[in-house]
Amino acid sequence: MGIYDEPDVVAMTQAAIEQGFIDGEKLVAGGWSQGGHLSYLSAVRNGKHGFGWKFRGIVAGAGVTDWDSMVLTSDIGYSQAALAGNALWNMDQEDTGTRSGSALWEFKEAVQKARIPPMLMLHGEKDQRVPISQAWGFRRALDQAGLPFEFVTYPREGHFIGERRHIEDMMKRVLRFVTTHLS
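Quick note, the sequence shown lines up with residues 1114 to 1296 if you use the numbering used here.
Careful: at least some of the hints might be erroneous.
The calculated DSBU-like cross-link candidates involving lysine-lysine, where the alpha carbons are at most 30 Å apart (straight line), are [what the hints assert, rightly or not]:
#1 LYS1221 <-> LYS1139
#2 LYS1139 <-> LYS1285
#3 LYS1239 <-> LYS1161
#4 LYS1221 <-> LYS1239
#5 LYS1239 <-> LYS1285
#6 LYS1239 <-> LYS1139
If you're looking for bench data, these hints aren't it; they were derived computationally from the structure.
Modelling step: build the complete structure from the supplied sequences, incorporating the hints.
Given below as structure tokens:
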């Protein structure tokens, strides 16, 4: 995770810019679940690609921020280990392979290089697939670094948001966030 998929996001964005489909000065990325994971990676790798554009905002929904902890906490931990590349208990101490797709492991450098844009983070309180602790970790990192973010927890919700008022709230927040950061 994070080795091929996030570079694909960059390549597709670059192709869309080159073909005139989107304005490279007005970019917001967002996604849910695996897309949320890619959103967190896009935040910490923002502009690192060298094409001259950056995302002006990121919306991350129910995304993974650290694969090692996912293996320990997800309801499908063994499957998460396969996605991460291994389980901690099967690795040598010096093996850092599972960090390649973990946004939290890239956070410090991203802050030092001023890459992380404003973020909107959305998560279901009762998510067992991608536990809310994934978002808590990134929220704490953003807070400690003094970076702008909005963090929203939807009570009673699992991995997917189902209550109508929560869906409406989420859509309003996303629209407001995108409008604010593309203006």
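Do the hints match the structure? See the list:
1. Between LYS1221 and LYS1139 the CA atoms are separated by roughly 25 Å; this keeps the pair inside 30 Å, and the hint holds.
2. At most 30 Å may separate the alpha-carbon atoms for a hinted pair to count; LYS1139 and LYS1285 meet this at roughly 20 Å.
3. Note on LYS1239 and LYS1161: the hinted pairing is violated, with a Cα-Cα distance of about 34 Å set against a maximum of 30 Å.
4. At most 30 Å may separate the alpha-carbon atoms for a hinted pair to count; LYS1221 and LYS1239 meet this at roughly 29 Å.
5. With a C-alpha separation of about 22 Å, the suggested pair LYS1239 and LYS1285 falls inside the 30 Å cut-off, and the hint holds.
6. For a cut-off of 30 Å, the pair hint linking LYS1239 to LYS1139 is broken: about 34 Å separates their Cα positions.
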